[in-house]
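Using the sequences and the accompanying hints, generate a full structural model.
Just so you know, the protein sequences line up as chains A and B, in that order.
Counting from 1, position 73 in the first sequence corresponds to residue 1357 in the working numbering; the numbering is continuous, with no gaps.
Counting from 1, position 241 in the second sequence corresponds to residue 243 in the working numbering; the numbering is continuous, with no gaps.
Any given hint might turn out to be false.
Short, incomplete list of chain B residues facing chain A, as computed with Cβ under 10 Å [claimed, not checked]: (1) S118; (2) L291; (3) Y324; (4) R328.
Some chain A residues judged to face chain B by a derived CB distance under 8 Å, without partners named [claimed, not checked]: (5) N1286; (6) N1343; (7) E1378; (8) P1382; (9) V1386; (10) L1388; (11) I1389; (12) Y1392; (13) L1393.
I should point out that these hints are in silico values taken from the structure, not numbers from a laboratory.
Note that CB positions come from ideal geometry on N, CA and C, so glycine has one too.
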Amino acid sequence: MNKPLLGLAAGGVLGVLDGLTALVSAPEVAPEILTIVIGSMGKGLMAGILIGWFARKVNNLGIGVAFGLAMGALFALPFALGTDPTTGKVYFWEILIPGALVGLIVGYLTQRYGERPRAT
Amino acid sequence: MTSLSDAAVRQLQATLELPDPGDRYEVREAIGRGGMGIVYLAFDHALGREVALKVVTGAGDSADLAARLSREAQVLARLEHPGIVAIYDVGVLADGRPFYVMRRVRGETFAHGAASRGRGEQLRLFLQVCDAVAFAHARGVIHRDITPRNVMVGEFGEVLVLDWGVARLMDAPRAVPTDPLPAPDAHAESSVSSIDRPATAPGAARTGDGVVIGTPGFMPPEQAGGAAREADQRADVFGLGATLRDVLSANGTALPRPLAAIIRRATEGLPADRYPSATALAADVRRWLDGVPVEAYRENVFERAARLYARNRPLVLLLFAYAVVRVIVLWWRGI
Chain A
1285 MNKPLLGLAA
1295 GGVLGVLDGL
1305 TALVSAPEVA
1315 PEILTIVIGS
1325 MGKGLMAGIL
1335 IGWFARKVNN
1345 LGIGVAFGLA
1355 MGALFALPFA
1365 LGTDPTTGKV
1375 YFWEILIPGA
1385 LVGLIVGYLT
1395 QRYGERPRAT
Chain B
3 MTSLSDAAVR
13 QLQATLELPD
23 PGDRYEVREA
33 IGRGGMGIVY
43 LAFDHALGRE
53 VALKVVTGAG
63 DSADLAARLS
73 REAQVLARLE
83 HPGIVAIYDV
93 GVLADGRPFY
103 VMRRVRGETF
113 AHGAASRGRG
123 EQLRLFLQVC
133 DAVAFAHARG
143 VIHRDITPRN
153 VMVGEFGEVL
163 VLDWGVARLM
173 DAPRAVPTDP
183 LPAPDAHAES
193 SVSSIDRPAT
203 APGAARTGDG
213 VVIGTPGFMP
223 PEQAGGAARE
233 ADQRADVFGL
243 GATLRDVLSA
253 NGTALPRPLA
263 AIIRRATEGL
273 PADRYPSATA
283 LAADVRRWLD
293 GVPVEAYREN
303 VFERAARLYA
313 RNRPLVLLLF
323 AYAVVRVIVL
333 WWRGI
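Below is the structure:
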């Protein structure tokens, strides 16, 4: 699988799983779980394709993982800064840290397992 | 009258015993000795380089030995491959014995050269041996004496398969070329080569009708039984397997089961039970290096899990770290 596609797939899947964990970490948000999962998947897809595109341009595991971490944190930041409309609480670290970790994992996946473009 | 010392006499004797290949090559010293010939270090004045020069020994049936040296030269000439020592020239000494000239190889035998390396590097060197042998098979040549002593590891990690003196030509199994080598032409280009390697392993037997060919421990049963002329490429697969076992077990550590199974299959008693070719053997070794299942071994579910973990360790650890973070977040909120 090429790197952008792998990033997209991994970002989407991990985004969904990351959103679903809200059921465990914050059960009070259960009524909005669909919105949370879709939002999480959306940011996973966007971060994933960006990380995959970067991995195609820069073939370096360390830099790719760092970029993934940064992208994961960046995309999670708006959600982390927001206030939950139901509870009125801010879940900053609960969203930011796992989001950044997901980006890191996608960065690793695309660098390690993604196919490099063939030379023409 | 002044008398010569013993050392001086020995020096003089050794110099007199050096072969005379003509003006182009200056023979310096013997560097290897085998069942049929001696390899000398020589200097090629025309090209200004050191080479190796192989000459048959004067002992035994010299006509037969000369024929075999000629055949070895012809076999080497067929095999232009980076993993097979290159032949440069052939000729006849002043005393009528044929010689051939080849590249001088600097390095260690596979047995010594691989000993200080890790298993992965040993296997990668072994794959180079397999490539060279597979190339020879594709050219219709069976080596029949693959041992760690007949493989050299050069200074830069290059691998060279040597000693093709008992090789069999598959397309002409019984029509061994016996034409003598051409007489050297004083004006023609010639070449010399030498090999920095020990003499052929003790116990190695030599070719001939009904005579066992090969090295004990490295030759397959069909060859040990005297049917060397029937040996096909699976005989070399046996030698490769035995060589791999010898090199990998040198430090005494137990081999992983898949690797042991690869060696076992390569050295099966019946040729039909072995890998069909050196390429197939190399492919299985390559699978092991790549962390995928090998053909020779059926792994159980635990071994499969362990292999997958070993192959994807960073990813597994990252996912584990993610799960740990999730648990920590949960715990933190619960405080």
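Here is what the structure says about each hint:
With a cut of 10 Å, the hint placing S118(B) at the interface with chain A is violated, because the nearest CB-to-CB distance is about 29 Å. Checking L291(B) against chain A by beta carbon gives a least distance of about 17 Å; that is not within 10 Å, so the hint is violated. With its C-beta approaching chain A no nearer than about 5 Å, Y324(B) sits inside the 10 Å limit, and its interface hint holds. Annotation: interface hint on R328(B) holds; nearest CB of chain A at approximately 6 Å, less than 10 Å.
With a least beta-carbon distance of about 18 Å to chain B, the hint placing N1286(A) at the interface is violated under the 8 Å criterion. The interface hint given for N1343(A) is broken, as the beta carbon of that residue sits about 17 Å from the closest beta carbon of chain B, more than 8 Å. The criterion of a C-beta within 8 Å of any C-beta in chain B is met by E1378(A), whose closest approach is roughly 5 Å, and the hint holds. A cut of 8 Å between beta carbons decides the hint on P1382(A): the least distance to chain B is about 6 Å, and the hint holds.
Proximity of V1386(A) to chain B holds as hinted, the smallest CB-CB distance being about 7 Å (cut-off 8 Å). With 8 Å as the threshold, the beta carbon of L1388(A) comes within range of chain B, its nearest partner Cβ sitting at about 7 Å, so the hint holds. Checking I1389(A) against chain B by beta carbon gives a least distance of about 5 Å; that is within 8 Å, so the hint holds. Of the supplied interface hints, the one on Y1392(A) holds, with its beta-carbon coming within about 6 Å of a beta-carbon of chain B, less than 8 Å.
With a least beta-carbon distance of about 7 Å to chain B, the hint placing L1393(A) at the interface is held under the 8 Å criterion.
Of the numbered hints given earlier, the model fails hints 1, 2, 5 and 6; all others are met.
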